[in-house]
Amino acid sequence: MRQTVTPLLEMRGIVKQFPGVRALDGVDLVVRAGEVHCLLGQNGAGKSTLIKVLAGAHPIDEGTILWDGEPISFANPQDALATGVATIYQELDLVDGLTVAHNIFLGHERARGGMTRDAEMNRAARELLATLGHSEIRPTREVGSLSAAGKQIVSMARALSRDAKVIVMDEPSAVLDADEVDGLFRVVDDLRASGTAIIYISHRLEEIRRIGDRLTVLKDGATVATDLSAQDTPTSELITLMTGRTVTSVFPRRTEPVPDAAPVLSVDSLSRVGEFTDVSFDLRPGEIIGLAGLVGAGRSEIVETIYGARRATSGTVTVGGTTLRNGSVDAAVGAGLGLCPEERKSQGLILDEAVYRNISLASFSRFARGGFSNEAAERRAAHDAARSVDVRPDAPDRIIRTLSGGNQQKVVLARWLLRSCTILLLDEPTRGVDVGARAEIYSLIRELADSGVAVVVVSSDIDEVLGLSDRVLVVAEGSVVHDGPSDAIDAAGVLDRILATHDHDKEGAA
Amino acid sequence: MSASLKDPSLTVPTPPKGDRGGSVGIARNLGLVIALVVLCVVGVVTAGERFASTDNIVTILRLATVTGVVAIGMTFVITGGGIDLSVGAIVALASVWATTTGTQAMADDVHWIVIVLSALLVGTACGVINGLLVAYGRIVPFVATLAMLASARALAELIADRKTQILRNQGFTDFFGAEPLGIPVIVIIFALVTVGGWFLLNRTTFGRRTFAVGGNPEAARLAGIKVQRHTVYLYALLGMTCGIAALIVMSRTTTGSSTHGTLLELDVIAAVVIGGTLLSGGRGTVVGTLFGVLIFTTLTNVFTLNNLSTSTQNVAKGVIIVIAVLLQQRIANRKP
Chain A
41 MRQTVTPLLE
51 MRGIVKQFPG
61 VRALDGVDLV
71 VRAGEVHCLL
81 GQNGAGKSTL
91 IKVLAGAHPI
101 DEGTILWDGE
111 PISFANPQDA
121 LATGVATIYQ
131 ELDLVDGLTV
141 AHNIFLGHER
151 ARGGMTRDAE
161 MNRAARELLA
171 TLGHSEIRPT
181 REVGSLSAAG
191 KQIVSMARAL
201 SRDAKVIVMD
211 EPSAVLDADE
221 VDGLFRVVDD
231 LRASGTAIIY
241 ISHRLEEIRR
251 IGDRLTVLKD
261 GATVATDLSA
271 QDTPTSELIT
281 LMTGRTVTSV
291 FPRRTEPVPD
301 AAPVLSVDSL
311 SRVGEFTDVS
321 FDLRPGEIIG
331 LAGLVGAGRS
341 EIVETIYGAR
351 RATSGTVTVG
361 GTTLRNGSVD
371 AAVGAGLGLC
381 PEERKSQGLI
391 LDEAVYRNIS
401 LASFSRFARG
411 GFSNEAAERR
421 AAHDAARSVD
431 VRPDAPDRII
441 RTLSGGNQQK
451 VVLARWLLRS
461 CTILLLDEPT
471 RGVDVGARAE
481 IYSLIRELAD
491 SGVAVVVVSS
501 DIDEVLGLSD
511 RVLVVAEGSV
521 VHDGPSDAID
531 AAGVLDRILA
541 THDHDKEGAA
Chain B
70 MSASLKDPSL
80 TVPTPPKGDR
90 GGSVGIARNL
100 GLVIALVVLC
110 VVGVVTAGER
120 FASTDNIVTI
130 LRLATVTGVV
140 AIGMTFVITG
150 GGIDLSVGAI
160 VALASVWATT
170 TGTQAMADDV
180 HWIVIVLSAL
190 LVGTACGVIN
200 GLLVAYGRIV
210 PFVATLAMLA
220 SARALAELIA
230 DRKTQILRNQ
240 GFTDFFGAEP
250 LGIPVIVIIF
260 ALVTVGGWFL
270 LNRTTFGRRT
280 FAVGGNPEAA
290 RLAGIKVQRH
300 TVYLYALLGM
310 TCGIAALIVM
320 SRTTTGSSTH
330 GTLLELDVIA
340 AVVIGGTLLS
350 GGRGTVVGTL
360 FGVLIFTTLT
370 NVFTLNNLST
380 STQNVAKGVI
390 IVIAVLLQQR
400 IANRKP
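First to last, the sequence lines map onto chains A and B. Each residue of the first sequence is one higher than the one before, starting from 41 at the first, in the working numbering. Each residue of the second sequence is one higher than the one before, starting from 70 at the first, in the working numbering.
FYI, nobody ran anything at the bench for these hints, they're computed from the structure. Where a beta carbon is used, it is the ideal one built from N, C-alpha and C, also for glycine. You may find that some hints are simply not true.
Among chain B residues calculated to face chain A with C-beta under 7 Å, some are [unchecked claim]: (1) R237; (2) R272; (3) T273; (4) T274; (5) G284; (6) A288; (7) L291; (8) A292; (9) G293; (10) I294; (11) R298; (12) G351.
Across the chosen pairs, the derived CB separations fall in these ranges [claimed, not checked]: (13) A:E176 / B:A223: 58 to 68 Å; (14) A:R52 / B:R399: 52 to 62 Å; (15) B:L396 / A:P525: 36 to 46 Å; (16) A:G367 / B:L396: 22 to 32 Å; (17) A:Q387 / B:V212: 22 to 32 Å; (18) B:A223 / A:S405: 38 to 48 Å; (19) B:L335 / A:N414: 40 to 50 Å; (20) B:L335 / A:F412: 33 to 43 Å.
Reference excerpt, derived from the structure (chain B facing chain A, CB under 10 Å, subset only) [to be verified]: (21) F268; (22) N271; (23) F275; (24) G283; (25) N285; (26) K295.
Same shape as in the complex, but just chain A:
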């Protein structure tokens, strides 16, 4: 049904230039009151920049913004908030040291003559949290002590507290469980019914189908399609719009069977008290082993222990016949191991350094002569490695922080390519990476394996583990409960094995 009324928010030809990159290059977005407008696009397509523009955090270089048909400028966050745009950010932009209520009312505190009225704010915060179905979060609690999901709820309450006409939600469901997502959608429905417009960003197509009215697709900083129905547009069409190419299967299959070589990595009865017990497996060159299981099952701990970042309580790790010294990353790296850690930003990257320096981080001494680094050779080699994994943009001097999640992950992969390591441990390699870039990372991992690198992949996405690996180990509560070829088991089978362990435990306890 088409409405002829003036749209609430209309953006035309928005251009935003950053030094060296045109982040937005002609974005059109039309949002009507009382609709849930979904925004789709790969990481790096410009969604984050567009959100910042809407929030007044990035002034635009070209283009017009109409509010209720009138031209308006969002020069700073105060403007945007005063106009009626509130934003729920993905990175959870809260202040850890303040309480829940103070975060919700940050910047628009309930105050008289500069003096805060804490009791009133606490009361109002309690009501807002109750609306969201989370009355168990105390308004006086410090935000730093909340879980990621709790913080997300506080962010939502904050957006609601602004009485906004447009609420931008950047992947609000990423850290929520199914019940919490249901709660979120109830709130979205209420807001829509009351005439609020929602700009909803998510990578999960099933959510967009469930909640969305219309959608706009961004690619490379420009709008490629708009006014599509969120319900009826075929998934294949959306993926084609987002990536610019037709995707048949995201998981590249192995072309030849794993060569029957001697194992390059042998893990024997590895245990760490309180985390995992008696983990054993052999990994052959060119093989990809997937560790499936619930978050908290001990998979990250296992790979970190193999890598020497944690000390094993008992058991051994053997690489090419030599047993590695327990708890020594140095020994592991020397033996040819590489780890792409789970928390890419805090454990894997030096965010304010250039791309090439992040790539050469594990091997820069190779380019040094007598203690003096050879910057030129280092940069050249790192650039080659970056090209081989197709880091975009192709700019080795860019600060890594400005890259999209997918490209950051490729940089971490490039680091180990440059180091020419023979065993790669990948912990959640596609977290925060969008659909299109995911497919690229999958093929990259497969290519590495085909060239003889042995890979261990940890992922919470069962489809990903099964699709990517040759063999799958199901880990539940610190033990390997299943070990077999990944094409001999499906997602339901993996879940069955995990749940069987949990049930068994409960019976044992009863």
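Dock chain B against chain A, hints included.
This is chain B only, laid out in the frame that chain A set:
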């Protein structure tokens, strides 16, 4: 069946730490109270009556005023994510400037309030410059205020021609030297600054925003807070407390000198940090700072009463700073 297994209760790496605003906050101050009590016990045991007398307590408080007043201002800057190394130099400059106003040509005619205003103005102006350099010049606070440290003290030397300027304004000495009900005016000023600081940090939007600016500047900006302007206010506030401190120094020594406040920044920052304010910003406590100041001053007093050298005092101070910070980390990391 969905293949994505995300249980948010499990994805959270940090365990809930309980309500730090409440219980641990008290625990943290409790540690400070215990430290102060231990010091007092040591004082009574070693110096007896000489320590535990009203006169001596007033002496301790009088001794605490300069560091104390500046430390309250510093609590704001550090909570707001900054640092200021120039406080001692600003105190010197303000004292010299104010005594110059009060000693030259028109000397005798100058009302003492003019001296007070010029000290406050000079202090605040230096703070504003620091704030502008940090907020708008985007110079790291450490460097910007280091530059101010060098130039403010040098400017004081130029103005005073490296001489100590005697302050001969009767009205000024009468006001600041008074002791209504046996309490020196400078101690009352310290008390007022502390109470005002506590109120400002904990009960006003200004205080709220200070925590936000220090804890997560980007979040503060996106919440519509003018982060840069707020940063300038914080340094200006600290500059003003330096002006107040200069007045106290002038009344205690009846001089203005470019050597006043030498290394004051170290005592001030140490007091703020052992009080529990995080050097990384976002958390700060005026009450903690007050305790930090009192602990250091009492320590000095006890050592002096026992005829121990300043060198010994400073070794003890260093040890106390390390112990206090280690204890704080224990408390902050304590499992519920």
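_A closest beta-carbon separation below 7 Å is what the hint needs, so does R272 (chain B) meet it against chain A?_
holds (6 Å)
Quiz item: Taking the least C-beta to C-beta distance, is T273 (chain B) closer than 7 Å to chain A?
Solution: holds (5 Å)
Item to complete: Using 7 Å as the Cβ threshold, decide whether L291 (chain B) counts as touching chain A.
Response: At 5 Å from the nearest chain A Cβ, L291 (chain B) passes the 7 Å test, so the hint holds.
Does the nearest C-beta of chain A fall within a distance shorter than 10 Å of the C-beta of F268 (chain B)?
holds (8 Å)
**Q.** 40 to 50 Å as the expected CB spacing between N414 (chain A) and L335 (chain B), which holds or is violated
**A.** Holds, at about 43 Å.
Would you say the C-beta atoms of R52 (chain A) and R399 (chain B) sit inside 52 to 62 Å of each other? holds (58 Å)
query = Against chain A, with CB atoms and a cut of 7 Å, does the hint on I294 (chain B) hold up?
reply = holds (5 Å)
field: Restraint check, 10 Å cut-off on beta carbons, for G283 (chain B) near chain A
entry: holds (8 Å)
- Message: Min Cβ distance, A288 (chain B) to chain A: is it shorter than 7 Å?
- Response: holds (4 Å)
Hint check, K295 (chain B) versus chain A [nearest Cβ-Cβ separation less than 10 Å] = Holds, because the Cβ-Cβ distance from K295 (chain B) to chain A comes to roughly 8 Å (cut-off 10 Å).
For L335 (chain B) and F412 (chain A), compare the CB-CB distance with the range 33 to 43 Å and indicate the outcome. Holds, since L335 (chain B) and F412 (chain A) (Cβ atoms, about 38 Å apart) stay within the stated range.
**Asked** Lying within 58 to 68 Å: is that true of the beta-carbon distance E176 (chain A) to A223 (chain B)?
**Response** holds (59 Å)
The structure shown violates the earlier hints numbered 1, 11, 15.
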